[in-house]
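Going down the list, the protein sequences come from chains A and B.
Numbered according to the working numbering, the first sequence spans residues -1 to 114.
Numbered according to the working numbering, the second sequence spans residues 96 to 207.
To be clear, the hints were calculated from the coordinates, so they are not data collected in a lab.
This structure is a prediction, so every number in the text was calculated from the model and none was measured.
Accuracy of the hints is not assured; some may be wrong.
Claimed, not checked - Derived pair list, reagent style DMTMM-like, types lysine to aspartate or glutamate, alpha-carbon separation capped at 20 Å:
#1 B:Lys152 / A:Asp36
#2 B:Lys131 / A:Asp36
#3 B:Lys151 / A:Glu102
Claimed, not checked - FRET-style restraints, in silico, Cβ to Cβ:
#4 B:Thr157 / A:Gly14: 48 to 58 Å
#5 A:Thr68 / B:Glu112: 40 to 50 Å
#6 B:Val150 / A:Thr112: 39 to 49 Å
#7 A:Thr5 / B:Thr172: 35 to 45 Å
#8 B:Thr157 / A:Ala80: 25 to 35 Å
Ideal Cβ positions, reconstructed from N, Cα and C, are used throughout, including at glycine.
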Amino acid sequence: NAGVTQTPKFQVLKTGQSMTLQCAQDMNHEYMSWYRQDPGMGLRLIHYSVGAGITDQGEVPNGYNVSRSTTEDFPLRLLSAAPSQTSVYFCASSYSGTGRYSYEQYFGPGTRLTVT
Amino acid sequence: GQQVMQIPQYQHVQEGEDFTTYCNSSTTLSNIQWYKQRPGGHPVFLIQLVKSGEVKKQKRLTFQFGEAKKNSSLHITATQTTDVGTYFCAGEVNNAGNMLTFGGGTRLMVKP
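All chains should be modelled from the sequences, with the hints used to inform the complete structure.
See below:
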């Protein structure tokens, strides 16, 4: 199993450009999520999905869109990049804990995004 | 909204010294998870605590969940250079089905 994969590993954007960060998992996990990591601020949840066709906002959703058309893929779209979106982005997946406590999350290797 | 605070933010220790990081939540948690992130890497799951007052050990690492399920700690005995990294706690409220709130992390640096 490849686990959770993310592409690209690095990306530089100019202000106003759009792009999609790709995330895929091959563990048949129902739950997938996107986090951003900024120095000293831990991991903040952007969007999450509990299954194909279902998405919801996390703590910091503004400026980002997601969709979940398949169980395996959960892309994150930046609509109009801003310098404040410079960060490291992690995708994570797990079995769904609905109705019980959560399962451990598996993280991808991350995408380092710089917006100039 | 729910907040999870973690202290200290940084900790330098001499190899062989002990290390503790503390995690405090503004609300009662249904469970708490701990993750380790090596420099340049991604978070990796260490352990999950579910019961009030629970204590779990993994070799030199001891994890505790408070009686009120609002705080937790990770203690490392006799640190080694391989312990270097950032340790995160992540709490879940009300069996919300995977939504975890992460603490800010404690970055551990070990001098050989």
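So, going through the hints one by one against the coordinates:
Between the alpha carbons of Lys152 (chain B) and Asp36 (chain A) the distance comes to roughly 30 Å, so the proposed pair goes past 20 Å and is violated. The straight-line distance between the Cα atoms of Lys131 (chain B) and Asp36 (chain A) is roughly 16 Å, inside the 20 Å bound, and the hint therefore holds. At roughly 16 Å between alpha-carbon atoms, Lys151 (chain B) and Glu102 (chain A) fall within 20 Å of each other, so this suggested pair holds. Separation of Thr157 (chain B) from Gly14 (chain A) is about 50 Å and conforms to the stated range, judged on CB atoms against 48 to 58 Å.
Distance hint check for Thr68 (chain A) and Glu112 (chain B): the Cβ-Cβ separation is about 48 Å, which falls inside the suggested range of 40 to 50 Å. Under the hint 39 to 49 Å, the C-beta atoms of Val150 (chain B) and Thr112 (chain A), about 43 Å apart, fit the expected range. In this structure, Thr5 (chain A) and Thr172 (chain B) meet the distance hint of 35 to 45 Å, their C-beta atoms being roughly 40 Å apart. In this structure, Thr157 (chain B) and Ala80 (chain A) break the distance hint of 25 to 35 Å, their C-beta atoms being roughly 43 Å apart.
The structure shown violates the earlier hints numbered 1 and 8.
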